[in-house]
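Asker: Sequence:
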Amino acid sequence: MEIWSEATIKNFRHTLLDWYDQEGRATLPWRINHDPYRVLVSEIMLQQTQVETVLPYYERFMQALPTVQDLARAPETQVLKLWEGLGYYSRARNLQKAARFVVDELHGHWPESADDLQELPGVGPYTSAAIASISFGEVVPAVDGNAYRVFSRLLKIDADIAQTKSRKIFYDAILPIVDPARPGDFNQAIMDLGSSYMTAKNPDSEGSPVRAFNAAYLDGVEAAYPVKTKKQKPVKQLFMATVSEDAGRLLFERRPDSGLLAGFWTFPLEEIQSIDEIVGEQLHIKPIVHVFTHRRWEIWLVKRAISLAENYDYLSPADWQQRALPTVQHKLLDALEDLQ
DNA sequence: CATACGTGGCC
DNA sequence: TGGCCAAGTAT
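For reference, each letter of the first sequence is one residue, going 1 to 340 in our numbering.
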């Protein structure tokens with residue numbers, strides 16, 4: 001691993017921030033100002049989600065709920081509907097819990113340090129550092145996937161970025177490099193660098209503004225960085241989805257309050273071991289396939305009667321359109337519509 | 001500390 | 001196509 005001199009660090013900050021000032025994405029809507037609410041919403045949405053995906057959601061969310069007080073007072077159903085399709089839905093619930101904490105417990109006064117911000121639900125080591133540096137000027141590194149990738153290459157850090165314990169190694173390595181005059185811009189510049197020149201696949205290290213600081217590139221070993229162990233494959237699961245109609249309404253099931261798609265509405269889903277269990281009954285000749293990070297669902301639509309359960313409800317189109325439905329349920333509805 | 005937790009894009 | 005990747009956190 002490389003250790004930079006104080007002169008190199010100063011040179012790097014200057015090079016990075018000059019590039020950021022010229023080429024950075026200053027027009028991103030969460031960079032219009034440093035309002036902690038606007039930054040918080042953006043950072044939560046951006047967790048494991050790309051900028052292009054977030055943009056329309058962010059604009060719509062801020063339009064509907066412009067202040068932390070608005071979010072704190074909103075019905076949870078509205079928040080989930082605004083989040084529909086973004087995924088990782090516990091983020092939406094935690095975001096509203098965080099807003100309620102700031103408004104109700106802290107009387108609208110924001111925590112200003114990374115340590116205190118981490119008390120907010122859904123705000124962990126990365127997000128707390130991002131808000132503290134961007135909104136409040138705290139000199140802390142925001143160590144996200146970009147920072148891992150960028151600094152693993154710049155400094156040739158061999159720690160496996162898939163391992164939790166590597167976080168401290170990167171934090172300690174980056175901390176002395178963060179620009180004390182512009183910590184928020186520094187962190188955002190690293191992220192912009194990681195999503196432009198120093199990408200995971202097909203990086204353009206040759207054209208990168210910090211190529212002179214990229215030890216892995218200069219040594220011709222960039223392909224070896226970052227070190228990252230592989231994830232496990234999604235588990236395959238087979239389901240029968242019940243299509244039960246009553247006077248123009250369709251039967252939906254409310255999923256449990258915890259776990260996958262918690263609290264969201266889908267057709268009643270019953271896991272089966274083999275397609276043989278429903279042969280001759282299915283409505284489609286091919287299953288609807290939906291892949292999560294850790295599961296791969298194959299769902300067969302079956303028109304059948306089913307005994308009602310406590311978490312079942314017949315919904316009219318007007319009903320289900322105003323509820324937050326997971327993407328997999330939209331796929332099922334689309335497939336059903338194709339049959340008509 | 002390893003795993004659960006969504007979705008869309010890319011090759 | 002299946003695997004990998006993208007501004008992580010909670011448990």
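Hints are computed from structural coordinates only; laboratory data are not their basis. There's no promise every hint is true.
What the hints assert, rightly or not - Result set (DSS-like, lysine-lysine): computed pairs, CA atoms no more than 25 angstroms apart in a straight line: (1) Lys286 <-> Lys236; (2) Lys156 <-> Lys233; (3) Lys201 <-> Lys228; (4) Lys10 <-> Lys165; (5) Lys236 <-> Lys168; (6) Lys81 <-> Lys168; (7) Lys156 <-> Lys236; (8) Lys331 <-> Lys81; (9) Lys228 <-> Lys165; (10) Lys201 <-> Lys231; (11) Lys230 <-> Lys156; (12) Lys201 <-> Lys233; (13) Lys165 <-> Lys233; (14) Lys97 <-> Lys165; (15) Lys81 <-> Lys97; (16) Lys156 <-> Lys97; (17) Lys168 <-> Lys156; (18) Lys10 <-> Lys168; (19) Lys201 <-> Lys230; (20) Lys303 <-> Lys233; (21) Lys331 <-> Lys286; (22) Lys168 <-> Lys228; (23) Lys156 <-> Lys81; (24) Lys303 <-> Lys331; (25) Lys165 <-> Lys236; (26) Lys303 <-> Lys286.
Unchecked claim - Cβ pair distances, simulated, as ranges: (27) Glu112 <-> Glu281: 29 to 39 angstroms; (28) Arg167 <-> Ala318: 20 to 30 angstroms; (29) Glu281 <-> Asp158: 35 to 45 angstroms.
Where a beta carbon is used, it is the ideal one built from N, C-alpha and C, also for glycine.
Asker: State for each hint whether it applies.
Answerer: Verification of the hints:
1. Lys286 <-> Lys236: 16 angstroms, holds
2. Lys156 <-> Lys233: Given pair Lys156, Lys233 is violated - Cα atoms ~28 angstroms apart, limit 25 angstroms.
3. Lys201 <-> Lys228: Distance of about 13 angstroms is within 25 angstroms: holds.
4. Lys10 <-> Lys165: 28 angstroms, violated
5. Lys236 <-> Lys168: Violated. Lys236 to Lys168 sits at ~35 angstroms, over the 25 angstroms cutoff.
6. Lys81 <-> Lys168: 37 angstroms, violated
7. Lys156 <-> Lys236: 37 angstroms, violated
8. Lys331 <-> Lys81: 17 angstroms, holds
9. Lys228 <-> Lys165: 13 angstroms, holds
10. Lys201 <-> Lys231: 17 angstroms, holds
11. Lys230 <-> Lys156: 20 angstroms, holds
12. Lys201 <-> Lys233: 20 angstroms, holds
13. Lys165 <-> Lys233: 23 angstroms, holds
14. Lys97 <-> Lys165: 28 angstroms, violated
15. Lys81 <-> Lys97: Roughly 16 angstroms between the alpha carbons, so the hint for Lys81 and Lys97 holds.
16. Lys156 <-> Lys97: Given that 25 angstroms is the threshold and the Cα spacing comes to 39 angstroms, the pair is violated.
17. Lys168 <-> Lys156: 16 angstroms, holds
18. Lys10 <-> Lys168: 23 angstroms, holds
19. Lys201 <-> Lys230: 15 angstroms, holds
20. Lys303 <-> Lys233: 32 angstroms, violated
21. Lys331 <-> Lys286: Measuring from Cα to Cα gives roughly 13 angstroms; hence the hint holds.
22. Lys168 <-> Lys228: Roughly 16 angstroms between the alpha carbons, so the hint for Lys168 and Lys228 holds.
23. Lys156 <-> Lys81: 43 angstroms, violated
24. Lys303 <-> Lys331: 16 angstroms, holds
25. Lys165 <-> Lys236: 30 angstroms, violated
26. Lys303 <-> Lys286: 15 angstroms, holds
27. Glu112 <-> Glu281: 29 to 39 angstroms: 60 angstroms, violated
28. Arg167 <-> Ala318: 20 to 30 angstroms: 47 angstroms Cβ-Cβ, so the 20 to 30 angstroms window is violated.
29. Glu281 <-> Asp158: 35 to 45 angstroms: 55 angstroms, violated
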